[in-house]
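Peer 1: Chain order of the listed sequences is E and F. Start counting the first sequence at 1; every next residue gets the next number (the numbering used here). Start counting the second sequence at 1; every next residue gets the next number (the numbering used here).
Hints should not be assumed to be uniformly reliable.
Since copy identity is lost for identical chains, a pair holds within one copy or between any two.
Quick list of in silico lysine-lysine cross-link-like pairs, BS3-like style, CA-CA up to 25 angstroms [to be verified]: (1) Lys24 <-> Lys160; (2) Lys124 <-> Lys97; (3) Lys160 <-> Lys124; (4) Lys126 <-> Lys6; (5) Lys90 <-> Lys126.
To be clear, the hints were calculated from the coordinates, so they are not data collected in a lab.
There are 2 protein chains.
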Amino acid sequence: MSVYAKPVEVLIDELGRLPGIGPKSAQRIAFHILKADAVDARRLAEAVMSMKENVSFCERCFNVAEGPECTICTDPDRNRHLLCVVEEPKDISAIEKTGAYAGLYHVLLGSINPLEGVGPDQLKIKELAHRVASEDITEVILCTNPNLEGETTASFIASKVLSPFGITVSRLASGLPVGGDLEYADELTLGRALEGRNQIGS
Amino acid sequence: MSVYAKPVEVLIDELGRLPGIGPKSAQRIAFHILKADAVDARRLAEAVMSMKENVSFCERCFNVAEGPECTICTDPDRNRHLLCVVEEPKDISAIEKTGAYAGLYHVLLGSINPLEGVGPDQLKIKELAHRVASEDITEVILCTNPNLEGETTASFIASKVLSPFGITVSRLASGLPVGGDLEYADELTLGRALEGRNQIGS
């Protein structure tokens with residue numbers, strides 16, 4: 001028997017479909033909304049609808065965008081010869097926060113993952129090849145995640161997609177995190193840090 | 001500089017206000033909604049508004065209710081002499097699942113917590129006294145949580161609120177969880193289990 005009123009059950013069910021929200025969190029959030037002011041609940045509902053209605057993916061780079069193209073693609077101050085390839089729009093936010101990059105982006109909207117049925121055709125890789133062929137790009141930096149799927153995706157793009165264009169293709173450096181401690185580094189990361197060592201004196 | 005479109009930032013901000021959702025989860029959920037079908041997003045937004053518009057607290061017991069009284073208070077098959085006092089409506093759901101209780105409930109909507117400024121006046125304790133005085137109740141079972149705030153609340157209600165009425169007041173038993181293991185029980189719980197031991201033979 002359901003002890004909650006029907007609209008509460010419906011909301012708990014809808015919240016439970018969101019990523020990272022289990023039945024207990026969904027219940028807690030639903031009761032939070034029930035106790036909250038009606039204006040707060042309305043603001044949340046309107047934020048969901050407003051995003052869905054006004055935001056889509058940039059036609060050029062697949063970042064999120066309010067119009068046909070995103071704020072980065074339409075920014076005249078960005079270096080249009082540099083292209084950074086990432087898996088998701090949220091990765092752009094991480095890179096922008098470093099302040100170390102001023103080029104354009106290309107979002108794949110995922111990574112190659114055969115176990116989950118995601119191959120190159122499900123990603124925006126054809127669109128990447130088209131951009132490299134038609135825009136004046138001199139370097140592509142592959143910034144996919146440093147895990148199995150991200151490395152596979154980067155290798156695939158470097159060897160099968162970008163090699164015919166004769167442009168510079170680079171990959172994010174792997175190594176020790178800044179502020180880290182040798183003792184606690186895992187052997188794979190430490191191995192990569194050794195391989196990628198930089199000369200600092202003659 | 002914000003790299004996301006404004007409506008995305010607004011939604012991330014609104015989601016981040018919900019309990020148990022930090023900035024990273026809020027971002028992940030926002031991108032999930034962005035990728036999802038528009039009908040799914042609309043269903044979520046409508047579930048929020050529909051609950052807010054159609055559900056409030058039961059006038060009698062402060063459980064969630066679609067009308068003036070909740071489904072339990074209006075159920076003619078419940079034992080109207082038994083009253084179970086809980087902190088939150090979700091506790092009713094936990095007790096109902098046991099199938100071991102068929103009386104009525106009274107929700108306090110919180111517990112006494114001086115550090116957070118919650119005293120007896122912020123809870124539905126006056127309403128509890130009024131019900132015990134006006135309804136034909138013979139036993140009140142205090143089912144607040146077995147933590148500091150819950151125990152304080154139960155003691156307060158038992159000694160200051162219910163003692164004049166001369167009715168039976170009981171408290172949930174503390175003890176070892178079923179399926180648990182003596183070795184891993186904390187000493188407080190084990191102590192309570194010893195104090196509350198039940199005779200099983202002569």
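Peer 1: I'd like to know which numbered hints this structure contradicts. Please list them from smallest to largest.
Peer 2: Failing hints, ascending: 1 and 4.
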